[in-house]
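**Student:** Use these hints to put chain B with the ligand onto chain A, whose structure you have.
Chains as they are written, first to last, in my numbering: chain A, 1 to 467; chain B, 1 to 200.
Read the hints as simulated data drawn from the structure, not as lab findings. Don't take every hint at face value.
To be verified - Each computed SDA-like pair below joins lysine to any residue, with the alpha-carbon atoms no more than 20 Å apart:
id : chain 1 : residue 1 : chain 2 : residue 2
1  : B       : K195      : A       : H13
2  : B       : K195      : A       : D241
3  : B       : K15       : B       : T73
4  : B       : K195      : A       : G437
5  : A       : K8        : B       : R191
Claimed, not checked - Simulated coverage check for chain B against chain A, where a stretch passes if three residues somewhere in it have a Cβ under 8 Å from a Cβ of chain A:
id : segment
6  : 119-125
7  : 189-195
Glycine included, every Cβ here is placed at the ideal spot set by N, Cα and C.
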Amino acid sequence: MGKTLAEKVWDEHVVRSAEGEPDLLYIDLHLIHEVTSPQAFDGLRLAGRRVRRPDLTLATEDHNVPTLDWDKPIADPVSKTQVDTLRKNAAEFGVRLHPLGDVEQGIVHVVGPQLGLTQPGMTIVCGDSHTSTHGAFGAIAFGIGTSEVEHVLATQTLMQAKPKTMAVTINGSLPAGVTAKDMVLTLITHTGTGGGQGYIVEYRGQAIEELSMEGRMTVCNMSIEWGAKAGLIAPDQTTFDYIEGKPEAPKGADWDAAVAHWKTLVTDPDATFDEEIVLDASVMTPFVTWGTNPGQGVALGGVVPTPAEFAEEQDRIAAEKALEYMGLEAGTPMRAVKVDTVFVGSCTNGRIEDLRLAASIIEGHHVDPDTRLLVVPGSVRVRMQAEAEGLHEIFIAAGAEWRGAGCSMCLGMNPDQLTPGERSASTSNRNFEGRQGKGGRTHLVSVPVAAATAIRGTLSSPADLEA
Amino acid sequence: MEKFTSHTGVAVPLKRSNVDTDQIIPAVYLKRVTRSGFEDGLFSAWRSDPDFVLNKPEYVGASVLVAGPDFGTGSSREHAVWALQNYGFKAVISSRFADIFRGNSGKAGLLAAQVDEKVVQRIWDYLDEHPGATVTVDLESRTVKAGEGPEAIVDSFDIDDYTRWRLLEGLDDVGITLSHSEVISEFETTRPSWKPVTQH
Ligand code: SF4
Chain A
1 MGKTLAEKVW
11 DEHVVRSAEG
21 EPDLLYIDLH
31 LIHEVTSPQA
41 FDGLRLAGRR
51 VRRPDLTLAT
61 EDHNVPTLDW
71 DKPIADPVSK
81 TQVDTLRKNA
91 AEFGVRLHPL
101 GDVEQGIVHV
111 VGPQLGLTQP
121 GMTIVCGDSH
131 TSTHGAFGAI
141 AFGIGTSEVE
151 HVLATQTLMQ
161 AKPKTMAVTI
171 NGSLPAGVTA
181 KDMVLTLITH
191 TGTGGGQGYI
201 VEYRGQAIEE
211 LSMEGRMTVC
221 NMSIEWGAKA
231 GLIAPDQTTF
241 DYIEGKPEAP
251 KGADWDAAVA
261 HWKTLVTDPD
271 ATFDEEIVLD
281 ASVMTPFVTW
291 GTNPGQGVAL
301 GGVVPTPAEF
311 AEEQDRIAAE
321 KALEYMGLEA
331 GTPMRAVKVD
341 TVFVGSCTNG
351 RIEDLRLAAS
361 IIEGHHVDPD
371 TRLLVVPGSV
381 RVRMQAEAEG
391 LHEIFIAAGA
401 EWRGAGCSMC
411 LGMNPDQLTP
421 GERSASTSNR
431 NFEGRQGKGG
441 RTHLVSVPVA
451 AATAIRGTLS
461 SPADLEA
Chain B
1 MEKFTSHTGV
11 AVPLKRSNVD
21 TDQIIPAVYL
31 KRVTRSGFED
41 GLFSAWRSDP
51 DFVLNKPEYV
61 GASVLVAGPD
71 FGTGSSREHA
81 VWALQNYGFK
91 AVISSRFADI
101 FRGNSGKAGL
111 LAAQVDEKVV
121 QRIWDYLDEH
131 PGATVTVDLE
141 SRTVKAGEGP
151 EAIVDSFDID
161 DYTRWRLLEG
171 LDDVGITLSH
181 SEVISEFETT
191 RPSWKPVTQH
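The following block holds chain B by itself, in its conformation from the complex:
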């Protein structure tokens, strides 16, 4: 997984609350056998509407999603995170995330930045005035930033220390465990000879 320090990208206002994982990626897409290519299913029910925000030309190439509260509720499917990442999103900003979604995000390298509800509203207002503008999410200083000069919106976001560390280091679960591979190898030398193996 890639290290995440700071990211600046085109931000999309998703003015909905309670966006659940079925809306992020409907169940029909779960039959796939890969971990990539889920971008076509992202928000698929809404994307058939030409007025849906992601279909607007100014948001092509967007990589920061600014969503309403309770983002990622519903079933625990990891595909929701993959779909956002496959589409190109690096960070989601919301005032509240569902626990499992936030956990899955941290594990997969998608930054879930939790900010005050007022901050979401201010960024939405800013994006309404400047469609296609970029937003910066800086993990090192735990801040989101939009706009320039005295009008700029700069505020802090919440993320737990452990997840922040993993994202900064680019460590997924397997990577963390592999950092203990010497201990695992040592343990394996104590395995009794009578324990079964599947290959001889």
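With the rest of the complex left out, here is chain A:
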């Protein structure tokens, strides 16, 4: 019987397997940031161990870094300690680090792909749940805990039980103006936040094949939001074209050998999945969340749901609590919801393609006077590319704030935060209570919806700008 893509990649990395024990899996690339690594390094130190493969390890600063005044010392003492500790650890253990101010600094999941370090058929881990982003290249990529970070540092392997496999097939083509973000938000509302629990998910079908690498990363990024262990997409010409010429991409004969191997990384026709979901992209529309988990979503053209509509009691209770926290009345049209802050950025939608899309919508318009728009590139390279293209001038002319690279308002860990009760439309991936700052209210949206919302001050799509 044939194998699925995930099984092929998995099997290529099994160092050791024994009856009744999890597999010992080799890790091709270990990404590190300042929040989840300090105790892992301290654990090595306490045990007198070293990093086995510094040459397969890369560190960057992202979660805690300010996106303004990044040339000044970090003001928050906890953030500063974490960043300083990473710098000290990287130096002591010989790990390559891209610190604040470095041209390759940025969100760890933006930096890996743009350096060409993320390639098909790899195993990639990081002490961060959105490591699933890298699955867009046909890699098995997932988040790990701090003690596992220590394990990978010391051994370059992980003990892992083989997950089950699932196929999510998205047929048809996305209508104009509907993006990868709408696709994945629709999927999560369809499955619920636990629908992917225990699975490595392969996204496939025409609509997936038609996505750019940026779009594929957006989809894989949010795999974790419906509970999946990892999400991946078979590499194809789009993937190869994206990687070719990147700084760490294979060159010459190595390139040919790599591509020849990458082309074998597809699910065999006779392989079977443990579970399958099929969706139709052609009926998808701009999609936004109304609640406090990513599965509480609705079409932008819809209304805030009435809790009584939910069949399951736990969903009803969750909806009631969410509406209270979000300060929303059931039945309110989503388009009537007024937004205080719009955030364009994060590892979900902070890449150059996202900024180009936002700029194309915002050009010639002005941000609503009661709304602020924060545009935060995912990496310094993205910022430089955007500035080379003049995108920043479009944002600034429209009244937006143009920031330095980092996780920024994706999570309330750095100075970019919502105040209690403040409402955002955010291109990030999590709308949990307090995620963007204590008491903050988050609506997850696509880049076009974010841009149009910034201009109109209420949740909107670009089509509303013409009306």
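**Tutor:** Chain B with the ligand alone, transformed into the frame defined by chain A:
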């Protein structure tokens, strides 16, 4: 991690059930960047009370905690185990542990000895009569022991074979994997030349 065979130490009765990891170590302590020094946060909400059992002079230097059922519930933070160890605890005795806490304990070298609820009660009664007395937790024979002579409390505790083996051998996860380092090295020789590296 240190090998654990048998331990005898001053035992503290913690007469509470459902002690969750937030009570063991509150979230504010999680911002630290080290794995040591968490003893100051251990049970910090209770320690401000001078009558709290750990504040009593007879329990200075305690190393065995005898707690009520459902110890270690709540968030999966490994810091809870570190805080207990940093304080000096080598073993926790309870009639029921939360799964994740028990898993984290075994990995970090803290013995979680699960005994019958009646045994906890008998040890508590014994400690009430003899504050500051020691209790022995013997991993080899899987027994807890308190007191001497005909009145002595001796009973067995439950621990799974795998965790017991790791504790007896003093093996953490990394140690176990490093025992396969030849297989890892062999695997590395098969790595294709086109796979990326971060340092050249
Ligand atoms: S941008 Fe958000 S989701 Fe992505 S790594 Fe940073 S904090 Fe995590």
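**Student:** Taking the hints in turn, state whether each one holds.
**Tutor:** A quick look at each hint next to the structure:
no. : hint               : in the structure
1   : B:K195 with A:H13  : 13 Å, holds
2   : B:K195 with A:D241 : 17 Å, holds
3   : B:K15 with B:T73   : 16 Å, holds
4   : B:K195 with A:G437 : 40 Å, violated
5   : A:K8 with B:R191   : 15 Å, holds
6   : 119-125            : violated (count 0)
7   : 189-195            : holds (count 4)
When the structure is compared with the earlier hints, violations turn up for hints 4, 6 and for no others.
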